[in-house]
Every structure is written in structure tokens, then in C-alpha cells.
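S.K.: Below, each chain spelled out in residue letters.
Protein chains: 2
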Amino acid sequence: MTAQKRIYEFGNGKAEGNAGMKALLGGKGANLAEMAGMGLPVPPGFTITTQTCADWYDAGNRMPEGLMDGVRAAVAGVEAQLGRQFGGARPLLFSVRSGAAASMPGMMDTVLNLGLNAQTVEALATETGNPRFAWDSYRRFITMYADVVSGVERKLFEHEFNAAKKRAGVTRDSDLTADQLKQVCAAMKVVYLKQEHEEFPQDPWTQLERAVEAVFRSWNNMRAIEYRRLNRIHGLLGTAVNIQAMVFGNLNEESGTGVGFTRDPSTGENEFFCDVLFNAQGEDVVAGLRTPEHLDALKQRMPEVHAQLMQARQTLEQHYRDMQDIEFTIQDGKLYLLQTRNGKRTARAALRIALALVDEKLLTREQALLKIDASSLNQLLHPMFDPKAKVQVIASGIPASPGAAKGAAVFTPDEAERRAARGQSVILVREETSPEDIKGMAAAAGILTARGGRTSHAAVVARQMGKTCVAGCSSIHIDEHAGIFQAGAITVRQGDAISLNGATGEVMLGDVPTVPPELSGDFRTVMQWSDELRRLGVRANADVPRDALKAREFGAEGIGLCRTEHMFFDSDRINKMREMILAKTLEQKQHALAKLLPMQRADFLGLFAAMDGLPVTIRLLDPPLHEFLPQDPSTQQIIADQLDVSLKTVQDTVANLHELNPMLGLRGCRLGIEQPLIYDMQVQAIIEAMLEAEQQGVRVLAEIMIPLVGTIEELRWLRRRIEEQLNQFNLHHGSRLAPKIGTMIEVPRAALTADKIATEADFFSFGTNDLTQMTLGVSRDDAEKGFLIDYVVRGIFPTDPFATLDREGVGKLVDMGVKLGRGVKPGLKVGICGEHGGDPESIEFCHEVGMDYVSCSPFRVPIARLAAAQAAIKHGKA
Amino acid sequence: MTAQKRIYEFGNGKAEGNAGMKALLGGKGANLAEMAGMGLPVPPGFTITTQTCADWYDAGNRMPEGLMDGVRAAVAGVEAQLGRQFGGARPLLFSVRSGAAASMPGMMDTVLNLGLNAQTVEALATETGNPRFAWDSYRRFITMYADVVSGVERKLFEHEFNAAKKRAGVTRDSDLTADQLKQVCAAMKVVYLKQEHEEFPQDPWTQLERAVEAVFRSWNNMRAIEYRRLNRIHGLLGTAVNIQAMVFGNLNEESGTGVGFTRDPSTGENEFFCDVLFNAQGEDVVAGLRTPEHLDALKQRMPEVHAQLMQARQTLEQHYRDMQDIEFTIQDGKLYLLQTRNGKRTARAALRIALALVDEKLLTREQALLKIDASSLNQLLHPMFDPKAKVQVIASGIPASPGAAKGAAVFTPDEAERRAARGQSVILVREETSPEDIKGMAAAAGILTARGGRTSHAAVVARQMGKTCVAGCSSIHIDEHAGIFQAGAITVRQGDAISLNGATGEVMLGDVPTVPPELSGDFRTVMQWSDELRRLGVRANADVPRDALKAREFGAEGIGLCRTEHMFFDSDRINKMREMILAKTLEQKQHALAKLLPMQRADFLGLFAAMDGLPVTIRLLDPPLHEFLPQDPSTQQIIADQLDVSLKTVQDTVANLHELNPMLGLRGCRLGIEQPLIYDMQVQAIIEAMLEAEQQGVRVLAEIMIPLVGTIEELRWLRRRIEEQLNQFNLHHGSRLAPKIGTMIEVPRAALTADKIATEADFFSFGTNDLTQMTLGVSRDDAEKGFLIDYVVRGIFPTDPFATLDREGVGKLVDMGVKLGRGVKPGLKVGICGEHGGDPESIEFCHEVGMDYVSCSPFRVPIARLAAAQAAIKHGKA
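So the sequences go chain by chain: A and B. Residues in the first sequence are numbered consecutively from 12, following the numbering used here. Residues in the second sequence are numbered consecutively from 12, following the numbering used here.
Do not take every clue at face value.
Because identical chains share one entry, a pair is satisfied inside a single copy or across any pair of copies.
Okay, derived cross-link-like pairs now, SDA-like style, lysine to any residue, Cα gap no bigger than 20 Å in a straight line [as the list claims (entries may be wrong)]:
1. K767 / K823
2. K751 / D801
3. K840 / G548
4. K450 / R727
5. K767 / E819
6. K767 / V803
7. K345 / V803
8. K561 / D542
9. K830 / E819
10. K767 / R818
11. K595 / E426
12. K193 / R178
13. K767 / L247
14. K450 / S436
15. K767 / R805
16. K823 / Q505
17. K25 / G88
18. K200 / T423
19. K595 / F798
20. K600 / D214
21. K310 / P626
22. K177 / E517
23. K767 / I807
24. K888 / D581
Everything labelled a hint here was simulated from the structure, so no lab data went into it.
If we strip away everything but chain A, and leave its shape as in the complex, we get (with noise of 0.2 Å):
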């Protein structure tokens, strides 16, 4: 095995790395390379590289052999180049820093002024002639040497300062003496030897072994670990190390630090967005004890260095063709840079600054559509809290539905239609959702529920309605019959106003004040850009003709998928489904059927009117039965009383329907074939409405798609039968309708067997919830609340598997699916209609498969679109 190279060096205008290395150097230390190789001004330094991070987990947490030799020698250099000694009479000192391959802010901590000791703070001292600074620089590298290497608690160390200014009648640090600064330092030291049983160290290479461990070690501490989880970061190696020669800020008053946005990142408008704090060190800026200063005060206290910062500003946006956030640092008048990035940006600021970079001629469309967070789209659709609102959170859940709701909190459904009659805005809290609670949803601002995921009821439906929805806060005590809830020491109670922030998932005390969205212009430029680039076509789930139109609105170009039996569930419909499904002759059956015919054949005309010319494919009753049905036995008296039937009928029916894994039970197509009379119903009221649409002069595309099928013969079955209803139907009103046939491939099987499958199906829709579910055999609403969370932190799952498609493994069938069903028909049309359908990642593969479109949530439309142009982009057209 050869030797890899592990330490990467830079400064004075040469570098061994550049931007292009981040999964090796991270990105703080590639973005150093990179600028010390443009001959930007940075401190000498050099990297350790991710993978020795990992190196160093491989070994049990040791360190691999030589790397401290090969330290020695980069050192070697710095120590030449800048003509000072690390530890010596010149002292040279480091920072030393992780850096990630992804940025993770705050993750890890930082360790300035490293190499100081009770020699060198002296050599410090007497060199720069200011005992003051020296003395200050080693208080605070006591403290952040023993927080952050040590795990001492910072407090302790602040205390002895805070004690210290206090005895000396202060209250500015900087009014401190070099004198009472040096005792502070030696009070510390005591703290240090007390807490840690031993001396705090002297020896430079030490301090500097021991900070290199413990950005090592952090990069598995709790904070990061749950940090990669919620930014869905995977495959990294582990983090870099940056060892930076030190430049002070705090040297003098021609010294100081500061940080800036290359432009706004709340706008995108091009202003340099800076802040400089003068004589001090960069973590007094994030302390936030003194109030930064604005570029104005630079110019005017040192304007050839604000000219020379301006003209980075250039140098960086121009060398990375996107909005920088650097760091920098003066010293005695001379500026460093210390750090760049791509700045993080509200999705109102990436349209601007990328459409602004086109204008600039710095990047095409396509290159600045690649630099837009297409899943920060979400923020412009809804309205969004005000960021500068004061706001009181008292819990937090899983944000299961995006947006931002406030009203009075109700804990029953009946309360929510109540107050949403009389015009309140209402937050309806519940221990769970279920389709007993439709109505009270429908009427409320927001839900929130104390169980439950992503894919809970009450996410989906809340998703689905577009509702802002927190579920599962599993840290709220919900009393229903006292009408309260518990978060904490606080008690809120009905009609008490709260707040959910459907994209952090908080819940807040009060009415926190909104913003309402705003499609800008820049909006409409980049869905015009992406509809010219993009080959996938993008439809919408939807059900009613509300979120049809909303979902046009957004620039659907068609419905992928309605859920009948969504239609089902309204309260004013519930007990005819019911009422079929307790029928005990074929008879009563059809009668019930008969009620809810012109019921679903209105919400078709709807949805054609809605779509007038563009496709609408209907899904056929997919859940099984036993949904419809109450399993308490106080509601199973209601509805027995309500039908007419004995307590018995619905407790034995509810009994029979009872399946052990209903996931994989009764419904679906086997439903269609096992109680045809449903669908029967179902086809009727589509082609009924298909008629009446068409004598209204609308277009109607309509789709008729089975779902769960797993073998051709139940594809075949059901097909023949539609098509009889259909011929019949024709035949009688003189009619020429023809509803494309299609399948929902969703059982493995049948993607397995889609060669088959496909000469039956006129389309192909990839229901990936279920095929997810099947192909990984993890029932989701079960596993959501139990391994599923523990895995993705373990890395087991790279991340939610519902959340982004598993290309390995669902992945792998979709594809399948997708070849083996063109290789017998190579028109086939091909459409997913899973969740998957409005995640950017799974977009991408859709597109890859060569997929003909993708459907998703009406909000996520616009998502969809950038999405599909930018996978078009990156893999072309074809």
C-alpha cells in the first residue's frame, strides 16, 4: 500500500488542493486552496484530509502512523514562509478548524491562538508591544482550548473573566488590563488543572495533536450526527482539518474581523452585505456583545483596505460565478481572507442572484437553474412567518406539511367547523387524525397532532388539502375532554391562539404575524426557463376540482393521480359507502352504489372542467374496507343507529374485514375483482361525466388506472369488464368514448413482470409508496414511529426511503419496470404518482429512467418543474 497523501498545503499564492476537492479537503479547505492559488490573500496553512478522519475511526480512534511527522513538516513551511516559530521566540500560532465536504454550520467548533503558552504569550507580547493583546489572546484560547478539546464547560472559564471585569469595575472586555488579563489567565489554569486533573498544556505540538483529535471526534458527536440526519448529508468520509497560521483582528485599531454576503441573501439584491467589527477576533462577532459596523465605517477608517475587500468581492463572485459568504480578518491594516462559500440564500434570493448572474453573464440558464434549491421553492407558496417576528416556541414535532398556520386551538372536529363557520381561524389538535375528522381538517388553518408521521392521516390529507400540518409532538398533553393541551409548564387551552410552522415543525405561542407569498417575477422567469428545458412532464395529485385548479395555477399539465376514495370520506358520503359496505344482498349493495353515483360522476365533471384538454387519470377504490368503517364501539352505535342496522351487522362485518397485514390484504384491484359491483360504479360515474363534460364542450383526456395489480390476469380481467361497460355504454348513447386502461405498478411483481402487464396497459403510473413499502418490506405508518427514524441515523438507510426514492433497491425495479414494459411496447407512457414524485433527488432518477412525467401534491409542482429541468440539464434531453 502506498502511502496517501494526506496533508495538503497552501499560501503565498500556491496551493496543493482547489475548490474541486472537497470530499477530500472539505469545503473550507478546498474554498482556502483555491483562494491561495489565486493569489488571494490567506494565511499559509495546509489541510489533513477527510479521509484520515476516517482512517482515524477505522483504528479505534488512533492516529495514523506518520501523520503527526507529515504535521511537522507542513509546519516546517509555515514556520519559513512567514520567518516565525511555532512555540519559538517569533511564536507562530494556528487556528485550527473542521471543514466538512458539506457545509455544517456550527457543527464543530474552532480553535484560535493555538501554540500559545507561558513563554510565548510573553514572546507575544513583547513582539507586538501590546502585553494587552498578547495576554487577551491566550485568555481565549485557554477557554476554547478547554471547551473544545477538553470538553471543560465554557461557563467556568467566563466566569473567571466575568468575575474578573467585575472586581475591576468594568464592563467592556477591552478595558481590561494586561495585567488583571494575565491573572485571568492563571485563575483559568487552576479551573483547567482542577476539572481535568492535570497541568493545561504547554507544549505546542500537544495543544495542537490533541485539537486535531477533537475536530476528529466531532465530527460524531451528537450535534453533527443529527445534523447530517436533518439535512439528509450521507456518504461522507468525515470531516477535514484546517491548521491556518493566526492573524489578528484584535491586534490594534487598524486591526478587526468580519464577515458579508457577496449579496443579499435575503433578497438577491446586489449589495455587498457586510459586517466589520474593529480590534477583535471573529468569535466577538458571533458573541454578538458588540454591534458590528457597516462597510461605510471601513471606508472611511481604512479605505485602501475597503478597496481591496470590494475588489475580492469581484475576484470571488466573478472566479465562482455564484454569491459568496466569506470571512476575513484585518490585521495592522493588512486584509486576509479567511474563508468562502456559497452563500446560503432564501429561495426569493437564489432566483434573484441566479438570474442575475445570467444578466451578468457569469453563468447560461441552464448552468444558473443548477444553482437553485429546487425543494426551497416551497417558501415562496406559502405564506411564511414574519423573520422578524418575536415568536415563543413551546414545542416541536414533524413537519408534515409545509406552510404557516395560526388560529384558536380546538380539539375536535365539531369545534373546528363551528368556529371556521363563524369565520375564525382554528388549529385542530388531535392525538392522531382519522377520516372521521375530514370535515373538522378541511375547516381548519393548520393541525397538529401528538402522534403520527410524515405519512400519518393526517399529514397526507393535511399535504394533500395543502393544510400546514405538525405532526407527531409527541411531547404535548392532550387533554380532550378538559379541552387542553400540555407543552411543558405551559398550558394551553381551547381558543387559545397558536402558531405552526409547517417547515420547521414548531409550535408557537400566539398569533405570529405572516407574510404572504409573493410569485415574483424572477418566479416566472425560472418556471419559463425550466418548462423550455425540461423533457418530464409534470402532473398533479389531486381529487377536487380546488386543488386541480390550484394545482393549473402552479403549471401542472394534467392530473397523475385522483384518489377516489378520498371522495369517499366526506361526512356526507361516508355512510353510503358504509351502508354498501354492510349490505348483506347484492341488492342493498347496489342500491347503496346507486347513491353515490351521481355523488362521484359531479366530482368528475368537476375534475374534467377543471382540466378542460389536459389528462386526468383516475384511480379505481384502492384502500380496503375496513377504512370506512369505525373500530369503536360508541361510533359503531352511531352508525347502526344512523343505517338502521343492529350493533352486530357493523361489529361483524368490521370483524370480517379485520386482516392482519392489511397493507398486503383485500384491496385495490383484488377489491375490483372480489366485489365488482365498486368499480362497476366507479367506471360508470367517469364515463357518465365524460359524456356530460364533452356535451359541455370540454376536452376530456381521461385515464383509468388499476391499482395493486400484480399479474397480467387481474390487469386482463379487469379490462375486459371496463371495456364491456364502456362498448355497452357507447352503444347506447351513440357515443365514442375511449378512457385509456392503465395499472399503477406498485407490487413488485408487477414490475418484475411488466412485459407482461404492459400489453394490457395503455399506461404506466409508479405508485413508489407502496412499492417502497413492499420492496424494503417496511410498512411505513408502523415504521415511521419505530426504526425507520433510527435507521437513517445509523446510516443503515442512507435516508428516508419515503421521503427520496432507494435507487439501489426500488430503484433497480423501477427501472425494470420501465424496460421491460417499452421492450414490448415502446410508446408506453410512464408516470410515477408516489410522494417521490415531488422530491428533486427522485425527480432526477425518473428522469433518468426515461420516465414520460411525475406527479405530485399540487405545491410541489413547481418544485417538479425546476427539478425536471435541471435533471434534463445535468443527464440531457434525451
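Dock chain B against the given chain A, drawing on the hints supplied.
M.R.: Relative to the frame of chain A, chain B by itself:
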């Protein structure tokens, strides 16, 4: 489209078809052609193809164009050959019979003497000079035609016949005179007119066309569908129709009819097993009104015919190289063969005949093995009810586990144990069984349940234990408290003797005598030949030493699946398991597991000793934990008392463990990762037992198998943990234990990513039960009481996918898994341990995809050995 050939003629020493054309001509038609071609005396005729039947259905029950023209031409050919006329003065009569590619005895009916009417019956009387014969033939024809073609109840006609006999004061059919028979015919025609509102058809062509359609129609009558379902006959086009000139066994005393087996179908001995009835038609034999005579009678009465028949027997056996089941008719001293086919036989006879044919040099060993139905060997391994015994069948359920069991009916597991302890044989009768019943089941000779299918708890456990089980016997009504069950009018009380036939599902009253199994020399020879010829290894699924020893006795070459959870269900252990599950602290959990450790160690030690020198694959805990806790409050209270916890603790735990779809939930390796202490204990027990066994001189080949793996990360994590535990153990004991560590492939994703998973697996074992559930999206337990049976009946599933592996879907995944796994690890050992491992068709598939072994329940080991040899013979050994 070229006109297809729909009609194949035979007769006069020539034939258009042959025995190889069964798919098109049906078995009967193909063999008639073959015999005609061989020059055997076969009445001339023709066969309408099975494809025509399919076309008839496809055309909506309409005769294909030109078919009847073809029939007229073929009839003309027969007329020419025989010098007779259909409907003419020397009347030609036909038999019309169905005949599918697979034998479906009694499925469809036959019409004899077709062509008779008011004119031809007189012509026949004149020609034969035997009016009694002519009118008797007409009487038979009317009855058969009315029944088979027109669907008029047969008994209406029999009633007329019997009334006539009564009037005439005779008892034997043949005692009625021609005139009396003529009156019977007239009366029958009146019945026909009354029932059908039309005259009995007089036009022979109408008779013929309608008879052909009746045969087509009979293909899809309920009886035929059910027969095909039960016998797993699928993929056939339809039935052929055989139209053949009548010969008359009832012409005179030099005439007769007979059926026979060329060897004894019970024992296989080389004796012509033949019944003859003089002056009779074939239906008289079946009706059983007259006692047939033996071959000796024929030899005495018609020595020449006897010699011809003996010659025909030899010719047929030499030609078909198998025992034949023949039908013949003697008309006026001349022998005609009407049918030949390979005869059905008992397993014992199958072995005897196959071996004899090898001795007689008619077959090679390979050909001989292919003649044996591997599944039938089951008969030889269990005691059988004496076929000579008179029995009273009181109910019939699903034959869930083979064997013949008898004993006192008991209704509780406790009572079963009590009586068994006193040496009494008992049958445990339950609504359905649960883990609580295990000891009672073990104590019983057989298990009878009113609910549940072939994979219910009762069925699975019974098969595992080798107990006879009849499940899902829904016609019995159990009153556990009263200690009785009702079967129709019969009440069986506790202690009453009943007998269960696990091969047929019959429940019989009383103590039916049995005969013990006899593993004859033939059986040993067949097994020896099989072992020489097969490539696949055969292992057994066994959890306890008793089963392991049984399996070894039957020739198992190792244990392919030891289900460790079964060890926890024993009543003296389940509470320790429960203690572990209910524990609130890690210490309590460890404490409970520590009690289970020595028990598991002893289990494994026993298995290793039983399988000395052979591999033993131990699967770590697979089921979800909720299976160990009772659901009903009263048992929960008992548990709470026994374990000294609150009822609430038990109920909270049950609620916590509840899953909507436990099949896709927290079980298998997921549990191993989320609650690692359980697997730790099991691994500890395995390696301690390995060491102890080796110290006792046992050669241990242990294989640790991890269930439900879906991603490489799961396997990697668990493998690391096991290896670490193993290393520490070896270090501590100075041992060098190295069990193999492999995985089940039972989640579709595992098969799809088998190239990844193989990198961490020493072996693969396909768990095709779960793989089938997930690939098809079918919950077996739910579906078997629901749509699964209906799907098989409708042909949506060609066969029960849990009995015979679904090649097209699941098989594709298995094949992919094997190839991907071997692609990265060429020598990877691959087996199967689902129930398919004991099914001959599935075993053939396992051979084809190149598996190393199959594993099945002990009693199926001999079946698997033979099936493996048959697969190697068909497909080559490599």
C-alpha cells in the same frame, strides 16, 4: 390467417395424431390416435382439438366457422370405413367424450349411442335382430343426452326406468322386454318435452353439434374448475372432444365391457388387474349394479378374446413403458380398445412398477425415477388408515399436515396434556391454535381446527412437529365450555374417539384402524438412485433434536433452518421471554435473557449432537415481539400476576408493540439491531454450545443465519457485532470457533441488491415464504381465508404461490439474487428454506437456478431427494 386444423381422424390402422399431441388432442384423443397408429383394434373416429374449445369460449360460446363442415367430412370418413350411415339405414352411432391434456376423471360426462332416433332405433333393431338391445341403447342415449347436453336431472329418467321395472315385476335391467323398453323411451321423451319445452331432438346432426358444445361447456363447470384447482392443473387450453364409432358390449352374450390396470395399482405387482362385465356397456361397470367378473371368466368364455387382450396388454406396456389403465369393449366376440392411459397408482405401486420396468429393461433408472410422483412418497412415511376399514366421515377440512391420527377428542391443551400423560392418544380440537397451545399440541396425536388454512398456526406447527392436522374445518361447531363439538347432526363429546386423515382432510367418527408405514426395499432403492443422480443437497427444517434425528433418518444432509423462536414458545420458557419484553431497565432485560441462555445452549448442543458432522443453520430470532404476549385481558392478567408486574405494564407493552402490518414491521434483523441484547444472547448460546459439543467429540458445522436483511448495512452491522463477540469468546477460551455467518434472502430488496449483500454473507438462504408475500404484496394469513383461493379458482394465480413457487415473479427475483450473489462471490453457497423447499415443482426451479441445496420439513426430505434427482435428470446435473 391460415385455417387451423381442428379435426384429427383415426382408425383402420392409421391416425393423424399420436400420443405426443396431448396438449392439442387431450390425453384420451392422443392415445386413441396412438393405439390406432399401432394397429391395435380401435373403433374409428376423430378428435376435435382443445384449441377449438378455447376458440369457442373466446368467441362467446360460438362454434368456430367451418367446424361442423369438418365434422361432416370426418363422419363421412367413418361412414366409408364401416359401410354405415350416421342417421341412416345401417345406422352409425357415436360416442362423444371429453378429454383434456390432464386426466380429470369423472369431471365431464360422456354421451353414448348418439345418432339414435325414432328411425335409427328401428333400423338397429332390424339389423341386429335384437330389438331389446336397440331400445335399451335408445333408453341409455336419451338419459345421457338429456343429462349431459340439456342438463335435465338424470333421476327423472331413472325414475321412469325403475317404474317400468316395477310395473313389469322385474329387478334386473336386462329382464325388461323390447316393448317395455320402447314404452320407457316414449315416457322419457315426454319427460324431456316437459322439462325442455321442446321435443327430444331427432336430427343426428343436431344431437352431435349440441353434444360437442356440451363437452366444451363442461370444461368450465364448477366441478371441473374445482378439480383443476385442487389438482393444480393449469395452463390448459380446454378439452378436446372425441367422437368415435360405437361398439356395443351390450349387443349379446358374446359381448361385454371391461376396465383394467396392466399391473396392480395398489401394490405394483405384475398382475393384470381386470374386471369384465358381459353383455353390458361401460356405464354399467361404473354404476356398480352388477358385480364384474374376473379375467378367468373371460378366458373360459372367450379364450381367443382373452389371448388378444393379454397380447394387447403386453403391446401397450412395451409401447408406453408404463403401467396402463385401459378400457375395452367386446362386440360379438371381437375386442376393441377404447382407451389407454398411464394408470394412477399408490406410492408403493409407483415404486414397484418403476423398479420392475427397469428390471424388464423397458426403462433406464433415470426414466424410471421420472415416472414416480415425488409428492406421493408422503404416503409411505406416515401410518395410513386401513383402506379396507369402514369409516363414517362426519366433516371435512383442509388437509394441513399429513398422517392418520386418532384418539379421544379434547378441547383444551391442558386436557390434552393430562390425558397424554396417562398414555391416552388424543386429538386436540380448537377454534384455532395459538402459542399458548403448543404443549397441548405436542401432547396430541392430531389437531383439528375450525378456522385457519394451510399456513395457520396450527398447520405450520403441526407440520413442524410431524403431527396430523386438519385445519379450517368450518362445518364443525365447537363449544369449548360444554366440551363438545357438533358436526351436522352428530355431537362429539370430550373423550369420544375420532380419527383425522391428514391427506384428505376427513374427520371420522371412532377409532379407524391404521396400517404402519413400510419403507420397503423399493423405497430404499429409489432413494439410493435419487442420491446418485441429484445435484441439489437436501437439508431439513428442524428446531429440536427429535426432529433433527427424524430428518437424518429420512436422509437429510444437514439442518437448513432452525427457527430459534420456536424454542421460546415452550410454556416453561415463554414467561422468561415475556419477562425480557416487559423489562423496563437494561439490567432487567439482561437478567431475563440470562435465564434463557442455558436453555438455548442446551437446545443447540442437542442439535449439534444429532447432526454430528453435518451443517446446522441457526436463524436468529425472527418474529415480532408481540407474538410472545397474549392479546386477551384475562391471560394478560395471569401473565401480570406470574411476572409480578401490573396489568397496565402488560397492556402498555402490548399497545406499544402493536403494528398495523407486523409482517412488514419490527422483526428479524431489525429487532436484532434495535434490541441487540437478544441476538447477543443467542450468539452466546450458539458459540458456547459449539465449544461444548466439540469438547464432547462432536463435529460441529454451525451456520448463523440473519433474517429479514434488506440492505447490506444491516448485515454488516450485525456481522461485525457477532464477529466481535466471537473473537472475545475465542480469545477468552483459547478456542478457534468459526461459525459461518450468512443471511436469509426474503425481502425483495435483498434479492435486488444481492451483489452488495453477498460481500458480507458466507451463504444465502432464500426465505421464499416471506419473499412471496412481499413480492406479490399478499399477506398469506389473510389471503388464505380470503381472495387467494378465489384467485386460484379464477386462474388469476395459476396455482397457490405459497405452495408452488411463482416462477415468473418471485422466481425472477430468486434467479437474480443467485446470479448477483455469485457474480461477486463465485462459490457462494445458496439454498432455500421456505416451504417451497419441499415442493417438487419448486425444487426443480431451485435446481435450474443453480442452488446448492433445498431445506424442507423432515417428512418431505425423501420427496425432496427424489424431486432433486428428477430435476437433474430433466435439466442435467450441472
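S.K.: Up to 20 Å between alpha-carbons, please classify K595 paired with F798: within, between, both or neither.
M.R.: between (42 Å within a copy, 19 Å between copies)
S.K.: One pair to classify: K751 and D801, alpha carbons no more than 20 Å apart. Within, between, both, or neither?
M.R.: For K751 and D801, neither the intra-copy (43 Å) nor the inter-copy (28 Å) Cα distance is at most 20 Å.
S.K.: Is it within a copy, between copies, both, or neither that the alpha carbon of K595 lies no farther than 20 Å from that of E426?
M.R.: neither (36 Å within a copy, 39 Å between copies)
S.K.: One pair to classify: K767 and L247, alpha carbons no more than 20 Å apart. Within, between, both, or neither?
M.R.: For K767 and L247, only the inter-copy Cα distance (19 Å) is at most 20 Å; the intra-copy one is 41 Å.
S.K.: Treating 20 Å as the Cα threshold, decide for K25 and G88: within, between, both or neither.
M.R.: within (12 Å within a copy, 103 Å between copies)
S.K.: Using 20 Å as the alpha carbon limit, work out where K767 and K823 are close: within a copy, between copies, both or neither.
M.R.: The answer is both: 18 Å in one copy and 13 Å across copies each meet 20 Å.
S.K.: For K823 and Q505, with the copy left unspecified, which applies at a CA distance of at most 20 Å: within, between, both, or neither?
M.R.: neither (50 Å within a copy, 57 Å between copies)
S.K.: Within a copy, between copies, both or neither: where do K200 and T423 come within 20 Å Cα-Cα?
M.R.: Neither way: K200 and T423 sit 60 Å apart in one copy and 76 Å across, limit 20 Å.
S.K.: For K767 vs V803, is the C-alpha pair at or below 20 Å within one copy, between two copies, both, or neither?
M.R.: between (36 Å within a copy, 19 Å between copies)
S.K.: Given a CA cutoff of 20 Å, do K310 and P626 count as a within-copy pair, a between-copy pair, both, or neither?
M.R.: Close neither inside one copy (61 Å) nor across copies (81 Å); limit 20 Å.
S.K.: Can you give me the call for K767 and I807, within, between, both or neither, at a CA distance of at most 20 Å?
M.R.: between (34 Å within a copy, 13 Å between copies)
S.K.: Checking K840 and G548: alpha-carbon separation at most 20 Å within a copy, between copies, both or neither?
M.R.: The answer is within: 11 Å in one copy meets 20 Å, while 46 Å across copies does not.
The structure is inconsistent with the numbered hints 2, 4, 7, 11, 16, 18, 20, 21, 22 and 24, although it conforms to all the rest.
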